[in-house]
Amino acid sequence: MLEKRILAAATIFALSIAGVIALSVRLFGIDLPTCLTDVRPFADAKVIEQGAKHYEVHYVAKMWKFEPADLNVVPGSTVDIYLSSADVTHGMQIVGTNVNLMAVPGAVNYARVKFDRAGEYLVVCNEYCGIQHHNMAGRIHVTDRSQLPPPVPAPPMPSSGKELLDKYGCTACHSLDGTPAPGPTFKGLYGSQRKLADGQSVTATDDYLKESIEKPDAKIVKGFDPVMPSMTIPPADLHAIIEYLETIK
Amino acid sequence: MTRTEIEPGLRKIILFEIVFPMLLLVLGITTGLLQVLYRAGVIRSQSFLGIEYYRGLTLHGAINAVVFTTFFAVAFGHAVIRFYTSKPPLLGWAWTSVVLMTVGTLSAAIPMLTGKASVLYTFYPPLKAHPAFYIGLVLLVVGSWLAFFGWIPTYRQWLRENPGKKTPLAVTGIFATFIVWFIATIPVAIEIIFLLIPWSLGITKTVNVPLARMLFWFFGHPLVYFWLLPAYVMYYTMLPKLAGGKLYSDFAGRFTFMWLVAFSAPIGIHHQYTEPAISTTWKSVHAFFTLLVAIPSLVTAFTLAASMEHGARKEGGTGLFGWWKKLPFLDKERWLFGYLFAGLFIFIFGGITGIINASYNLDTVVHNTAWMPAHFHQTVAGPVFLAYIAGSLLLISTLRGREIAFKGLNVWIPYLWTLGIMVFSTGLFIGGVAGEPRRTNMGLSYTNPASPLYQPTWKIAKLVGTLGGIIMFTAMLLYFVVFFATLLRKKTSEGALDLPVSEPLHDENVPAVQSFRPWLVAAALLLILAYTAPFLELARGNYKGAPPYNPANPVAESR
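Line by line, the protein sequences give chains A and B.
So that you can map any letter, position 209 of the first sequence is 209 in this note's numbering, and since no number is skipped, the others follow by simple counting.
So that you can map any letter, position 72 of the second sequence is 72 in this note's numbering, and since no number is skipped, the others follow by simple counting.
The hints are simulated quantities; they were obtained by calculation from the structure and are not laboratory data.
A few of these clues could be false.
[Claimed, not checked] Covered stretches of chain A (chain B as the covering partner; in silico rule of three or more C-beta atoms under 8 Å from a C-beta of chain B):
hint, region
1, 23-37
2, 83-89
3, 123-136
4, 216-222
Note that CB positions come from ideal geometry on N, CA and C, so glycine has one too.
Whole structure, please, built from the sequences with the hints as guidance.
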């Protein structure tokens, strides 16, 4: 019966498309982003020059900008893009390339792109992220080194307390100068009296700070939400951070 | 099946379920027109007529794609079940259903209209809406379930009284529709009830975004088959009759409905190709299943073309292509043909672009660009929308005993809409491939010469899209004139339920497609296969919750 032949033809059609897709992945390596579990979400953008024409960029999407907003690379560069969101869900498309990634809060996305052609590439947020969504964009400038500002050196291993606060993402939610932020400011924190949500009051000692880093929900400061994740920080770093906090008066 | 007198209660319910969303649709269509004007920079503003851009976009999606479709599917379901089983309906279920759906719609509409739920119809957390929005959605969905639950005893009784007889194809189609809907809405109910409502009420402090997104798209793809299936019911059971012939193959219809029951849900991750937290293994499994779900649509395309050819040849059509001329494209009495035919034409392009989107790595070129709304306007605003507005007109006309008003005008509406959709989509397809983002008030940035983000090369595609949008809006204005004039004119006959019924040309007897049971089992197994591992991946990833949401200011500057 004709109907059955049509059914067979439709099935062969669908399977052959699946076959072509499988070939494109196998032969040309054109694949989708996958599940990364070994990279913790980060709050700070970074550009790391891994080699002559190899960059690793940690992009942070936030309302309503990309960080870094501008990226300079030389033609022929391979760029490993890690993407995280600091607030809501965003999208990131580098127009003219196959980079099209969702920035999902809580997870890290990844794509690799090679810029063969010199020029300016528009980076567009293509997922609705609030009332200024249409102004969220960045740029990648692919230009020869002679026209570039001096390259950003790879950051040295963090050692000072301040660098550690950046490394662990603390400064995304805690300011150093008293600016209001999602978490209490670090300015004048050490040794001060803390009013807690349950009405009690404690002194910010070394032990209190250690507990608040490792088990943030144990004592919540009045007026703040229990949204901080538990941090696992090596003892040496922890010590350096608390020492540094003591100096911010 | 013949003209049927129906109970006044059921008649009232169906008419309300048609007219109430039609009034909302006036707003939904207007906000659609505003979209194209904003994007092209004709309106260069954050808001117009007191409706902020993203608030209007939320209304456009929620009214047109969720409220109008759900109400029509339920109304049409009531009509089909009553007409084909000839059994009195269980009115208690039907009344509770319509009350819940209406209360839910109003509950969600108020925060949307007042700007307390500008989260678009996909409501991705951590965008946060007023709790009334989420609660309204739950009531709308539960209300639609109750209508379905009320049909089950009626159908069982019909089965008992008609042993050995095939279930009427239309009834099979409506049950397939609501089985797909029931499967689809369970994960979204879990997302809304357990994640979003407690978070929106402030009971929980954060929300797991990767989990919420997977639950949403577990719902989001079968949702589109829920939209499409009532249109398929009209295609299989009405179109051949309208073309003057018979349904080429009864088997094709049953196969299509059953296959969609099994395969419409285990494919949701094809909406999440570009996301983190899901491995390429499971993305490719969902891609493969998505291609399999194209099979019944290809079979449908063949069967409907063959059915139309059969009709046209019976009416004297000859030649390899000459028979096309005998189809009733502009027949004022068989006006429904034009709406269904135009939808099928649009769906050719919607289907092809759907296969492109589903094609795994190809999606990275078009994901979240203007290409996507171009594609889904060729599906949900093509065959689905045309079938639904035609079905609405048919039901008010037959149930209220009113002849169609402005018949000469009415026959042109579907073709004008088709022209609009094709022009609109062409603009958006071109813009999408060039990188134009969807869901974006581009008039303030990318199409604004005064903005540093101005993209002059996107301008032409935008103007084409806008022209299409204006044609679509014009077609809908004409439709509203015909609809409300038909609704409000003097009675021309006694109202009753009458639907076109197609006889099968080949009435194959293939038991495998005549019972839901094996397909329900297949659906369950496929869901377990497709979703167990992705959910376990999410659990193992232990993703931290979203930061607090502040719609007005960037997080770092809030508080």
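8 Å C-beta criterion, at least three residues: is the region 23-37 of chain A covered by chain B: holds (count 10)
Given coverage of the region 216-222 of chain A by chain B, tested with a Cβ cutoff of 8 Å and a minimum of 3 residues: It is violated: at least three residues are needed, and the region 216-222 of chain A offers just 0 whose Cβ sits closer than 8 Å to chain B.
Proximity test - 8 Å, beta-carbon atoms, the region 123-136 of chain A to chain B, at least three hits: holds (count 11)
Residues of the region 83-89 of chain A with Cβ under 8 Å from chain B, three needed, outcome: Coverage by chain B holds for the region 83-89 of chain A (5 residues, Cβ < 8 Å).
Checked against the numbered hints given earlier, this structure breaks only hint 4.
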